Each structure stands twice: as C-alpha cells, then as structure tokens.
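Assemble the whole structure, with the sequences as input and the hints as a guide.
Chain by chain, the residues run as shown.
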Amino acid sequence: MKNLKFSPLKKLEIILGGEHREFATDILDRAGVKGYTIVNNLSGKGQHGFHEGHLMFNEDDVLIMIIAAVPEELVLPILEGFAPFYNEHSGVVFISDIQVTRLVKFKG
Amino acid sequence: MELVVAAFFLGFFPFSMPFMLAFRRLPAPWGQAAALLIWPQVGLWALAQAPSLPDGFVAWGLASALLYGFRALTLRDLTLWIGFIALSSWGLFPLLIQHLNGPPPAMQLLGFTLPLVLLVFLGDELRQRFGAAFAGLPGGLAQPLPRLSALFAVTLLAVLATPLFPAFFTLLGALLGASASMPLFTLWALAIWLIWSWAGARLTQGFLIGPYLGCASADLSLARGWLYAAALIGLAGAGIAFAGGWL
Amino acid sequence: MTIDLGRKLGIRSMIYVAGEPVPFFWPMRAFIHHNPLHGLEHLPFEQAVRRGEDLFHARGFLKRRQYQDYLRQGRVDATALTAEISAFCRDLPEPHGLDWRELLLTLVTETPEPTTEFWRLASAADILDVLHGKPLADAPGQLETIQAELGGQLLGDRPVYEAVDGLYCTRIASDLDELVVNICLDFFDEGHSVWEMPERDGGLFRAWRSLTQRNRWPSRRNRRLKEILAISDEPEVIIAHAMERLKVPEQRWMGYFSRELSRLHGWAGFIRWRSQAKHYYWQRRYPADLVDLLAVRLTLTLALLAEAQRPDRACDAEALAELIEQAPEATYLRHERGQGRALPRLAQQLEETLARGDRARIQAFFRDYVRAKREAEALHIIRHGQRLAERLGRPDLLSALAPGELEQLLDGLRRFERHEGMIWLAAMEGRAIDDLLKGVRLEAEAARPKRPFVQALFCIDTRSERIRRRLEGIGDYQTYGIAGFFGVPISFMELGKGSEQHLCPVLLTPKNLVIEMSCEAPPDQTALTALEKAMHELKESVLTPFVTVEAIGLLFGLDMVGKTVAPRGYHRWRNRLHHHKPLSHLLLDKLTEHQADSIIRAAQRAIIVKAVELELGLSPEQITDDLVRALRETALGPKDAEHADLSEQLCEASRAVLNLPDKGAAFLKRLRRAYRINRDFAHRQIEQLSRIGFTLDEQANYVLQALKSIGLVRGFSRFVLLIGHGSASQNNPYESALDCGACGGAHGLTNARVLAQMANNPRVRKRLQGRGLVIADDSWFLPAFHNTTTDEISLHDLERLPPSHVIYLDRLRSGLIAAARLCAQERIPTLNGPAAAPNPASAALTAQRNALDWSQVRPEWGLSGNAYFIIARRQLTRGLNLEGRAFLHSYDYREDPKRRLLENILTGPLVVGQWINMEHYFSTVDNEAFGSGSKVYHNVAGNFGVMTGNQSDLRTGLPAQTVLKNGEPYHQPMRLITLIQAPFEHARKAIEAVTSVKYLVLNHWIRILVLDPESQRISLYEGDEWAHQISRGEVPSPENRSSPPPPGRGPGGGSTTEKNASP
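Chains as they are written, first to last, in the numbering used here: chain Z, 1 to 108; chain A, 10001 to 10247; chain R, 20001 to 21063.
Simulated from the structure, these hints should not be mistaken for lab results. Remember, it's a predicted structure, so these values are computed and weren't measured experimentally. Quick reminder that beta carbons are idealized off the backbone N, C-alpha and C, glycines included. Don't take every hint at face value.
Unchecked claim - According to the in silico footprint, chain A covers these stretches of chain R (three or more CB under 8 Å from chain A):
1. 20110 to 20120
2. 20334 to 20344
Unchecked claim - Taking CB as the label site, the calculated pair distances span:
3. 25/Z / 20992/R: 29 to 37 Å
4. 10144/A / 20798/R: 40 to 48 Å
5. 20566/R / 10198/A: 38 to 46 Å
6. 20772/R / 98/Z: 32 to 40 Å
7. 87/Z / 20054/R: 13 to 21 Å
8. 10144/A / 21015/R: 33 to 41 Å
9. 10187/A / 20569/R: 53 to 61 Å
In structure tokens form, the structure reads like this:
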C-alpha cells in the first residue's frame, strides 16, 4: 500500500421525509458542503404511536438519507441549521467520526 | 354690531363652540333639527340688517367655512359631521347673499339646511339601531340595510349640493355672479365645495362600504322609507322649479 | 455586519418550516385544484380548520343561517343533527330543569345568529344584574384579565406593525403589503412588460436591494431603507437584525414568520412553489425564495415603523409589553378603537379622551366604558336568551336560574357554538351518505346477450356523470370511468410549439416525450394570418396606443362589437380566417438509432444552410450539398481540423467572397459555438430524442394497466371510445381550472389519442395476448373529445378508422349528438335558468353560446357540487341520478387480487379528488379569504395569476362565480364521501398500504364507506373506528357509538375493531 494520508472528518447521516429533500440539500449547499450522497426509498418503523409532529420514524413512510462528510467546524452550524426543522418533523441526524483519504474533495 | 351678531349666529370662527356644544347636547332628532333651522336664521336676519358687507367679513366667513370643512373630513360621528358641515355652509352665506337672484335668499339658503335636517333624522334611525351613528361601527350598511343606505346616500348627495337639489343651483347662480367681481372668493368657495364632496365620500365609505360585522338589524320600514323619499323628491322638485326660474 | 453560519442556516430552516402552512400557488396557465390547508393536513380536520381560521383570518364553516337554509331544503338530516347534538351534550353539566338537547336544537335550528359571538367581558353575575335591573358593580380582577387578553392579542405571534396599527390607527400593514406587492409584480414579471427590473438574476432580495440603494429620491423613508440595507447584502443577516430591532424574543420568531408569510399568502405561496420548482424556467433565471421575501418585508417594516414612531408610541415588542404593563387602560381603549368594535354610544367620547391623553381622565373613562360594555353585552345576551326561551316555550327560563347555573348555561352555549360547524357538517354528510346508499343497486349484473355497441371510457370528472347517464339511456352503450390521463403520463410537444407540456397529474413526472407531426405540407402564410399576427403584436408595444388608435382602432372595435352582439356567428366567421390546424400524427414509438441519426443530420444540415446564407452571404444556389456535408463533418470532427480544402470549396462557391483561411476558421468556430454543430451537443440531442416514445413493452403495460384498473378485460365491443375532456371559454383566466386536472390542467384528448394509438397497434395487441388480455380483432379504440361547456363529443383520428367500422359511424355520431343535447338540457337550467332550455336543441345552442361569449363569467359550473367519489363497477350507480356530483371510477375487485390497482386509484385519483373537494369547500365557506372573490374585479398579473383590482395579493382558490350563486353557496361544502365496492378486508388493507390516504382517513379529511359486495355489508369510518351495518338505509349514527369521539388526535394506528351497531 502506498503512502495514503488519512484525514479525520465527521460523517452526517441525515434522515428525513422525502418531500424535504430540496430543503436539506439547500442547507448543505449553503453550508459549503462540497458533495453528498442521497439514499432513496428507505422505510422505517416507529416506536410508539404518533404524537403531534414529534416522532422518530413513520411506519411505512418513504424516507431518504443524505450522507455527507464534513469538516468538524461545519458540524455545529449544520446541526443548528436543522434544529428548527426537526422540532416539527420526524427524522434524525447521526454524527460519526470517519476518515477520508482525499481531503481536497471534502474541504477547502 | 349687526355683523358681530351675524358672525356669532353664522358660526364664524371662533363662535362655533357655543353652537356645537348646544348641538351635541340637544335631543335628537327634533331638537337638533330645530337648532339647524333656527340658528342661522338669526344670523341671516342680522346680515340683512347690516348696511354693507365688507370684503374682510366675507373673507372671515370663507376662512371659517374652509376650516370647518377640513374638520369634517376626519369626523366619524355623524352628529358632529352634520354640525361642522352646517357651519361650513353658513360661512358661505355672506358671499352668496350678495349675488343671489330669483327667489328670496332665506328660502334659497334653506336648501343647504334642509338636507342636513333630513340627515339628522336618518342619523337618528341609526342611533336607534346601534346606539350612535358612528362611521365604521359597524360599517358596510349597504348590504344588511339597503333601504336606509340608499336614502342615506341620496341625502348625502343633497347635502353636498349635487344637481337637482336646490343648493346646487343656488351655489351655481351665486358663484357665476360672483366670478366677475370677486374671482378669488369664487375660487375659494369652489374649493370649499370640493372639500364637502371629499368629506361626503369619506362618510359614505365609513358608513356604507365594506363588509358588515355587526349583528342583525331591522331595515327601514317601507312607510318610513317612502316618507324620507318623498322629502327628497320634494327637495329635488324645488331645485328644478327654482332652476327653471332664474338660471 | 455578519452572523455565523449556524445562525444563518437556522433562520433558513425556521422560515422553511414557518412557510409550510402556506399552500403552494401554481401558475394559472395550468390551474391546479389543491387543498388550501394542505400544509395542515397532518392535523385532524377540525383542528386544522381552526388553525386555518386563525392564520388566514377566515371562516372555516358556513354561517348558521346558511346551514338553516340547507335544513329547510332537506339537505341536512334532522335526525343526524339531533344525534350529533346529543353526542355533544353528553358531558355538559345540566343546570336544573334544563334539557340541553332541546335547547341546543332550538338554538341551532331557529335562531339565525350566534349568541356568544360578541361575548367577551360580561360575567354571569353581570347578566343577572342587568336582568333584574340592578346597576353593575366593578368586577374584581378585571384589569388583570384585560391585561392578559391584551397580551395575547398584541404580543404573541402577531407582527409588531399589526399591533401598532391596532393601537394608533396607522396604516403600516396595508402600506407594507402594497409595497411588497409592487416589488413582487416587478420581480416576477415573465416577459410581459417592456421595461424589466434590472439585476434580477441575483435573486429577489439582492435585486430589490440594489434598486433601493440607487433610489435618489430624497425622502426619509429612502434614507432609512438605505441605512438598513447597508448592513449586509445577505437576507438572513437582515432578518436577524430586524427581529432584534423589533425586540421579538427568539422563541417567537417562527410563529412571527408564519404570520408574516400568511399575510400575502398568494404571493408567498407562489414564491414557495417557485423555490422548489427547479425546472421552472423563470426560477432558474431569476431565483427567489421565502427568505428573500421575509428580508424585504422586515426591512420595509423597520422603515415604516420608524416613520410612525412618536415619543409616546410603542413601536417594538418590548415597548408594547411595557405599555400593557404600565398603561393598560389607555392601551385597552386604543385597542378597542383600532379593532373597530368600540361601543358606538361612547365612541366619540373615546376618541376625544384618548386625544387629550390625560391619564386620570383616561382611567375614569375606562371604568365607565368597561361598565357600559359589560352592560351592552349582557343586554345582547339577554335579548338572544329571551328569544330562545320563548321559542322553547319557557319565557321565564333565564330569570329562574341561579348564578352558577347561568354560568354553566352560557359556558355550554359558548362551547357549543364553537363546535357548531362540525355538527352541521356531519349532519349534512349524513344526509348525503343516506341519499347515496338509498340509490345504489346492490343486485348483480344481468348476463349480456351480446356485446354492447360502444364501450366508452370517460374521465372520472364529475361532469362525465351526466353524459354517461344520458349515453347509457339512449342505446346499448356501456361506460367506464378512468383517470383523465388514461394512466399514461406523457410529456407532449405540440405541433408548432417549442416547449413541452406535462400531461399528467402534478404528482407525477412523465418520462416519455410524445411529438405531434403534421401530415400535410406546411401551409402558406395567408395575408390575413400575417395581419392577425401583426395586430396582436401591436397590442403589446408601448407606443401603439398613441399611434394606432386612429389608424386601426376601428378594426379592434369591429372585433369587440362582433364578440358581444353575435358571438356564435362572429366566431364562426373568424375561424374561417384562421388557418386550421392540419391533420397530425403522434409519434409514439421509439426512434431507432438510424432514425434518430437521420433526424439530427437533417436538422444540422438545415442550420448550416441557414448559417452560410446569413453569415457568408452566399445565395441558395451557390450552397452545394457537398459544401454543406464538408462543413458539417468538419464541425463535428476533432477540434483541430484541416480547413485548407474547405476554404477552397468556399472560394469555388463564391467569387465575391475572399477566401482567406481565417474566414473559414472563424466561420467554423461560429458553427461550433453559436450554432452548436458540435459533437457534445449532438450527443445531447440524441439523448433527448431517445426520450421520445414508448417501447412496445411499455405500451403493452400501459394498455393492460388501464383496462384492468377499470375491469374491462373481455367482451370488447366494436368501438371502444376513449373520451378526454376539456372546456371552452373566452376571456377566462380560470379556463385551465375547467380542464382536466388529471392532465395537469390541460385537456385530455392527447392522452386519449396516445392510448388509442397504442391499443390499436397490432404488435401491442399481440403482446397483450401473451399476457392474457385478448382484444377482439374488430375492436377499435377511438379517441374523442368531450367539450364540457357545450357537452359535444367529437371523434378524432378518424382517418385511421378501418373501413369496416365506417358504416357504423353514423349511428355512433347520432347517438353522441342525442346524448349531448339531452345532457345540455339537463345542465343548462342550473346555469342559465329554467327558461333557457325548453328543449334539447335550444339547450345545446345556449351551451354553445356560453362557450363563445366573452362576457360570460360562468361558462359552466365545472366541478362545483362535487360530493362523492365512487370506486365501483358502473352497475352500482347505473341509472342513479347523481346530478353531476360524483367522481366515478370503474373498478372490479375480482381483477385485482393483489390490491395494486386499488392502491393506484387511491394514491392518484382519490388524492386529486380530495384536493378538488377541499378547494371547493374552502372557497365556498369563505370566498374572500380562501377563494378569489368576484371575477369581475380580477386583473391578470404577470401571466401567472390574478389580483383583485390593480394591485393586491395573488388570489388563490376559486372565484365566487364558480361556487356561489347570487351570494349563496351553490357548491354544498362537505368532505368527500368515498365509497369503495370491495370486500372489507381488501379495501381496508389497500387504504392502510397507501400512507397519504390512510392519514386522510384517520384525520377525517374524507368520509369513507366500504360496500362489501359479497356480504352486502356497509362499513363507515366514523369517530375513530369502523362501524358496520348489515342492512343498508340505516347509516350508523353517532349515538350508537360506545364512547364519544376524542377531541382531536394525530395520526395513529387506527384500530379497525368491528362493532355491532344497534339497529
């Protein structure tokens, strides 16, 4: 294996209803995220019945997941950006630590 | 001396206060109607006694008329509005009296007061239904009370000296006569006439136009409606009769 | 100034969520019926209506008087009404000797006006005092209650300027709206105006900002605007700054934004739609979104508030709160004045006291005023109460009550009157359901001796119901209902037009392109047509009015006179002057590679010829085929081509042109760049061409799906008519609303032609045979067009009809004409009055005139009156006169074991039907707020919407003429009553499988009935569960429920427990 340089980044997995896709990608674009992957037609199961707007997953609803690798300094702004949205809608954001080899594709 | 009396009873500024105070307190509608009819007659009589009417006096009258016309623009209470328009019209009397021809002046100038008296009675109808005749409370009377609104609108036209009603011919005749000798005063009088129209339009807008937000009220009865209509038709007839006479 | 990224994104997000209750506004060229409360569909119906009433300052139900009219007409079921009231009374405390049921029933049926509408201040004790003639005492804690109410009214979500307007009689709100409308009209102009707004490609906010900054008019407002705009060029920063200046706490921002956006909800809805319509040309060029709109609004708010600022006035949220705290009396009095509900008797005094501003005086007057108001309210309630008591036959009712009991009574009345609308609605729907169930035929279909003469497939549109009934009545016709686009979503490029049109419901995106090609040679432009074109263009020019009025104004006058005096004759004459649309074919099959290549080559050749003509000045004879070929190949070839020999050829071709090698090179460059004769573009063109048409398999699939979904799989008759519909009207911005919603607001003829061509294709039929669907050889699919304004059905593509069928055309035609006339005769009395249609022929003439009359504000009723959505075999409703109020979709559950077809029907046509129904509902109950008012005052704005007057919010919803008649509702506002004819479990599973419909059912946006054909059992979803009845005619009533319905709940796992109802 050649000398590959690993750089740490954060991975965001943003799960929300399919109808809000434009909104989510717009937020990511404005945050300066250089690229993202969209996984379509997910479905999920909820824990309980529904409360008004505050729930994790719909039963049999069509969800999408947007995966984006972002530098650490963008994580908080993006989460801040999505906070008002998730107050009223279902879905969740997972944050994890990852490493990438070609940093230039994700940063700067 | 007579001029001062005339000024007082024709409500020149600042003599409007006693009249307005009295007018507001008088019981509607008969009391107010009486005040409207009787008060200026004293002034007219005083004018008739005066040897001459200096230009300054006429100007004083016109200035008061303009002032009260403007005041009426912002008024929403019908009683006050009637009062100020009355005062405004009286301010024109010195100018008009000098150039009237045809029927006796007192009768002609009644053409200004009679529509206002009619309006007082219509205002009383509103007061009985809503507690007071106040533009906007509730507005939009055209839909729920069509008869009353129609009569209101036509009476207002009479007040504003629109054609067919005698006040129009009086004003027209007098101003045509005055235009040669007192062009500035003529223009002034025309401006006052315009302001009346403006005030009338605002009043109509406040009372008749728009959505109705109050509770159900009974419209004018047919009999009463015809009574008011007859009065208006009579007025219009008088106007035409006079016009045929001397124009 | 700048704010950090997280804050910016947070603000964006907040605005996105705040804008969700505002419904989309599609451009009216393709009018889409939609639910104005679509953004609130996640709430149960009653809650959503209440929130909608709040947000849009509207009414969600009709007035009581109007419901009473319905009761008198028999459209409300009296028993159901009583039952609903009983259900409501169940947990009301009963004062001594009072029968709530009787009281409320009398209240609701005999008193025309609500009792508790104006009740705010007076307490039960006050009322008793007034009743017994005692003077009113000062109530303790009154000031605090008033302060609390003021806080709720002036603070909370209400925009600051609304509160300021309410207190100080300024007109900031209307000025602000006017300014914003002007800005929107300028920015969103779609090529209509001659002078365009500059710099629009920077977005709405930036364009306006740069314009404002250049505005040199020396007014204080402009100065303030420039000050504020100098802070930043980013809308989010301005928004944050403005909200901070207004001192609104951050947790209230979202509610504040929601209110702001709902003020001009037409424009906001348009911007909202536009910002997510990425393929909309104008959005790509000139982007705009809600954040821009809010930034503009807030900037203007600050400037206008600064203008209205006086030392003693509160002009931001904090100051308002302080004012309420420290001077509640004056604030209350001002608020009363501003709301326009001051007591008339004291109104003048109120104004004078406030003008004086003396605090002691104000407080004294306040006490008097409040007392007078309480007295007036008490009198009002007593008057109404007495009237009610008299009707009940107990005139002493009020005076006999103790204070506590009076309070209970009034409380109960107040609660009831707030819930009244739902009760009436349920009772109306009960009657409608009853009527439907009484008329349906439960017996099985009789076996047919032979196949019907014609099978006709109509759109599910409610207007088809009448003509289907008539057609079936005059002969052996069998009709079916299918979605108006016949299940085939296409993107259509019409002959002579350069753009694509999506002919499918807005929920879908078509993947296939269909092109219309002319069969005839291109006609010569006649002189008259050219004049026609010139005259039309003249109308658009700025200078025209000054120049041409004298010259050719008379010609336009002729037009106007002709159209007005004799519309039919004039239009017939005019049509002769237009050149007719030539016979055309639809290109449906996929192009082979060879064909695609040929097309591109031909196009490129034509372009090159034109280019050489224009740029090099050669005449047509000098341009040889060889030259063109050489140019083409060089342009398409690799970039650094040889052009030495090319110049030679150019030299040969023209003696006059100097054959400098540069000229050749420059020309080639232009060919590649400007004329796009290059390899990449050719690839893209081939890709686009590959979108054209359908593969044979796709065609077979669509035909199979369409036929199976309506249950027509055997016994095909000689003619299978596919009837698309559309309307015809003049001078009607809403004409798209009368066309087919399933075709995206266009007419359905093209889809009909497409499906017919597919189904007639012998190769497709062969494939279908392989899939188990056998269509008889002599069966021919014929497209037709139903003009819903005149009810005429015209046949199309007749030149393709096989000779064997031509002899039957006569019978078919006369059948169609007869049906059309009978239908017109039935329909015209509802439109033009009973006298207009003494016989079918004159009815048909009147209908034609409606279509051509440019002064006709109501060419047809359209979908007004829609009430039912029936998914069943036609046998169920055959012969039943549904008065054109039902969407009828044919469905046979026996052909659909996997429930896929039913799910398709639910997810597509039913949702569209619900949108249409809700649009009509809300436009009827409050036409000014949810509908678009009277058509008479409409002005078309920028080609995509209408405004009332010369400047107003974009009007959404339906105009008054569509849903009202003489001011009273014509459309009966009810929720859509859906009937599915299928076994109960089959239907239930299908509903559960389609999420959107499941929530519509759970949240009570539609009423749903399932008619099980095997057990003849009817199931109704009521409350939160299914109620079953064995025999029909006894609709399950609310009294039979075991428990009262819970007040309101979100979507959840709806239990479908079976419940035996008492007979």
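Against the structure, the hints:
For a cut-off of 8 Å, the count of residues in the region 20110 to 20120 of chain R with a CB near a CB of chain A stands at 4, and the three-residue condition holds. Three residues within the 8 Å Cβ limit are the bar, and the region 20334 to 20344 of chain R against chain A gives 5, so the coverage statement holds. At roughly 31 Å, the beta carbons of residue 25/Z and residue 20992/R sit within the given window of 29 to 37 Å. For the pair residue 10144/A and residue 20798/R, the supplied restraint of 40 to 48 Å is violated, since their beta-carbon distance comes to about 59 Å.
Restraint check, residue 20566/R to residue 10198/A: a C-beta distance of roughly 45 Å satisfies the suggested window 38 to 46 Å. A hinted range of 32 to 40 Å for the beta carbons of residue 20772/R and residue 98/Z is inconsistent with their spacing of about 52 Å. Look at residue 87/Z against residue 20054/R: about 20 Å separates their beta carbons, and that is inside 13 to 21 Å. Between residue 10144/A and residue 21015/R, the C-beta spacing of about 55 Å breaks the proposed range 33 to 41 Å.
As the Cβ distance of residue 10187/A to residue 20569/R is approximately 56 Å, the hint placing it in 53 to 61 Å holds.
Consistency with the previously given hints fails for numbers 4, 6, 8, ordered from lowest to highest.
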